[in-house]
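Trainee: Chain residues, written in single-letter form:
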Amino acid sequence: MNRLSDLLSVRNLMLHFVTYYGVVKALDGVSFDVRREDVFGLVGETGCGKTVTSLTILKLLPENAMIVGGEIIFKGENLLDKSEEEMRDIRGGKISMIFQDPSTSLNPLFTVKDQLVRVLLTHQKINKEEAYRRGINLLRSVGLPDPERLMGFYPFELSGGMQQRVMIAIAISSNPDLLIADEPTSNLDVTIQAQILDLIKRCREETEASVLFITHDFGIVTEICNRVGVMYAGTMAEIAPLRELLTDPLHPYTKGLLASIPTPGKRGERLHMIRGMVPELIKPPSGCRFHPRCPSVMDVCRMKSPPTVKIGEEHLVTCHLYETGA
Amino acid sequence: MARKVSLSPSLGRRRFSEARIIAYVLRSDPLSVGAIALILLIIFAGVLAPLIAPYKEDILGIPRPGYKFLPPSLDHLFGTDYFGRDVFSLVLMGTRISLMAGLVVVILSLLIGCPLGVIAGYFRGTVVDEVIMRVTDIFLALPPLLLAIVIAATLGPGLENAMIATAISWWPWYTRLMRAQAASLRERPFVEAARGLGVGELVIVFRHILPNAVAPVIVQATMDIGSAILLTSALSFLGLGAQPPTPEWGLMVNLGRPYIRNYWWYATFPGLAIFITVMVFNVLGDGLRKALDPRLRIRRAG
Amino acid sequence: MKLSKPLVEVRNLKKYFPVRKWLFRVVGYVKAVDGVDLDVRVKSTHGLIGESGCGKTTLGRTIVRLMEPTDGKVFFDGIEIMGLNKKELRELRKNMRIVFQDPLSSLDPRMCVRDQIVEGVRTHVRASGEEIDEEILRLLKLVGLKEEHMWRYPHELSGGQNQRVAIARAITLNPKFVVLDEPTSALDVSVQAQILELLKDLQDKFNLSYLFISHDLSVVGYISDDISVMYVGNIVEVIDADRIWEEALHPYTQCLLSAVPIAELDVKKEEKIELKGEVPSPVNPPPGCRFHPRCPYVMDVCKTRKPELVEVEHKHLVACHKAV
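Protein chains in written order, with the working numbering: chain A, 1 to 326; chain B, 1001 to 1302; chain C, 2001 to 2324.
It is worth saying that the hints were derived from the structure and are not from the lab. Where hints are given, some of them may not hold.
[Claimed, not checked] Here chain A is said to cover these stretches of chain C; the calculated rule only asks that three of the stretch's residues, wherever they fall, bring their Cβ under 8 Å from a Cβ of chain A:
{"hint": "1", "region": "2061-2069"}
{"hint": "2", "region": "2219-2228"}
[To be verified] For lysine-lysine, the following PhoX-like pairs were computed, each having C-alpha atoms within a straight-line distance of at most 20 Å:
{"hint": "3", "chain 1": "C", "residue 1": "2200", "chain 2": "C", "residue 2": "2141"}
{"hint": "4", "chain 1": "A", "residue 1": "94", "chain 2": "A", "residue 2": "82"}
{"hint": "5", "chain 1": "A", "residue 1": "266", "chain 2": "C", "residue 2": "2141"}
{"hint": "6", "chain 1": "C", "residue 1": "2276", "chain 2": "C", "residue 2": "2315"}
{"hint": "7", "chain 1": "C", "residue 1": "2073", "chain 2": "A", "residue 2": "201"}
{"hint": "8", "chain 1": "C", "residue 1": "2073", "chain 2": "C", "residue 2": "2200"}
Yeah, the Cβ is synthetic: ideal placement off N, Cα and C, and Gly gets one too.
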């Protein structure tokens, strides 16, 4: 792995939430790298920790969250060491985020102009007129027609797709190195989703930013990502380039998950069903968190946490089945 | 179409019940704890009054001339009244009356108000709803105390009549609350599902809507016990409620009023009793409202 | 190919919602369902696909008369159901059921699982406590739940388990037809697989007919026998599910197909058709063909004349001037 091309390195991240019910062990040693020009897909089902991971990178966690271990290296520096002031500089600057529901992440009380111009002024040393001009260009570049008129609109006057485009415009306004997209299309219709995914791909190509794309939808991953990390219950089960993951999944969870997705090619066949349910994380299963549901479970899986093994050039899997020298 | 991506990691299937969450939050709020403790104390006092009161025969109103207007002392903690009766015993016995009055009023109001409200809410927009709500509005437009006075005056003096009067001026608030709840519940999928199964409308109202609508009303009712006590005491104070020799707090305040300069203990202690009781229910109400605050839920789940 | 007579026939169904200003003046109508024809055959799954606002949810509810239609007819087993009185309608409900999208909110939060299912039975049939318990256990087993789940409350169960309860409730008294309104949209992928397979099993065992409503083309394409595509209140295409990927004719269907992300590599998809513009509002739909402002193949006639749904080949209907 070429260290120089790593833009973001998450190493062994461990995160707990303190709640009235007990301590939720949300992340249990998550590691992955996002390289330059990557569109890295972070996939998993509800509760696997993918959104939490992205919020940890930007340190946007609620008060009861405790980072218990690990590091997040961004362009050579550990983000976990940074102060809140330094993080504020980075957020919207070098690292931008697009959220799932644009209608709640855009402030309903301010017009598009107010929000876009404010972001531009925050991160760049320009005056208001220049910020307005750049804003218009940004809106045009994300495919919004008639940007001058749009500037005067309030978010609720725009459709979901248009709101999301505004969000993307705001996110790319400072030319970030890393764009984190957290389920940006889940609330959108399929045809609009296709437009937004195209837009994100285009942004990636034109601005040379890397994208960390979080989703539960493997179809989207196939459309847009070049590398994929599969998360399960707070752990990183498998990381691989897209093609390799789809043709040769190694982790039993990945295999089960891919086999359970309905696709046109599977008509007439039975879908695979992973038995059991996602565990709760206050008392997670011992050893490998997937072991109660794993069809290939072994004794060691119940007792010890599985190691991360590198198979081939680019493929990492966290599973006892691939443990060397076992 | 919306896929729920929750910030909180999945807590699995163990969702702790509402009651436990409320209990937890209340426990950690010192004011609420104090309020609950005091309420329990008051209830105990009321329940055990016949056993604790040193001079419980005094409620019968038999005068004891030699003991008239004694100041508070070890023998008579709250002093004695015009008839020489022990004020402490009277206040204690009055606790039962006030608590009972508060409870009865609230329960009566619920019995009238809830079914009306639920029916109005479910049949929102129809004639039934309009009729019920207009009647409710009429009652709501009149100040509760005034209405209670008028009704009590019409029915004649007496504690029972005071309770009825208070209940009559109280039920509209619950109807309104229930109606709002019912109207929103009516749109919920599980109500549609019941209709889809072929369940009759009135059955839906009482089997599905009422139990689900009742929770905030119960909370409100609990807090209202204090206000109900205040209202009945007010009526007694005005002479429309309990009559002598009943040891009702409001009545005692009224009787002690002329003597407040020289024999302050006669009116003050019952007045304090009212004050403390009502305040303690209000504080509990605040605590409950805080505990039910949806914003706190985000904290709970992390 | 099933050539059975349709169990459910929908003819020219319309559902309009009045738009009121100032509580009394009606200024227009939301034409949620605007003349829909649909057939569902015995022991088959008819998929209904469309994006938000197309009216598919309204259509589902109107077919089972959870909403009263503005116009049109629905025939169930030959009987016209729009004219039934209250008592007859109640009888009908034994045969037509509906399952909703969000399992948690479609169950009464204060009733335990047993009572939720019992309601489906007790509403129509008198039975002793023992008979009912037996029936409940049988149903729970059928949907993959255990006896201990009988006494649980919805908030104690997972989404998948709740949906199983909803399905158990729906199949009490052996209905013939079940409307499934986005039954798996709120569930995780692995749970979705379980529920889809369960639905297939139940269909096999009990000869059920399904109307499967969804916005997710992958799921509908997987489970349906034939598919209707809906756009702003109208059906624009009806085609067999195994032919839709290759032989779809309506431009909107083609756009949908090209836009859907598929979790398979090297899937041969149509050239990505850039769909411009936004979905029109059902209050004032465009004249002529409703899709014409966004259609890449728009012709003059499309702007004025609304295309009819016609059969272009065996069991393939399209409403499009270009395709015909």
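Trainee: Tell me the numbers of any earlier hints that the structure contravenes, in ascending order.
Mentor: When the structure is compared with the hints, numbers 1, 5, 6, 7, 8 turn out to be violated.
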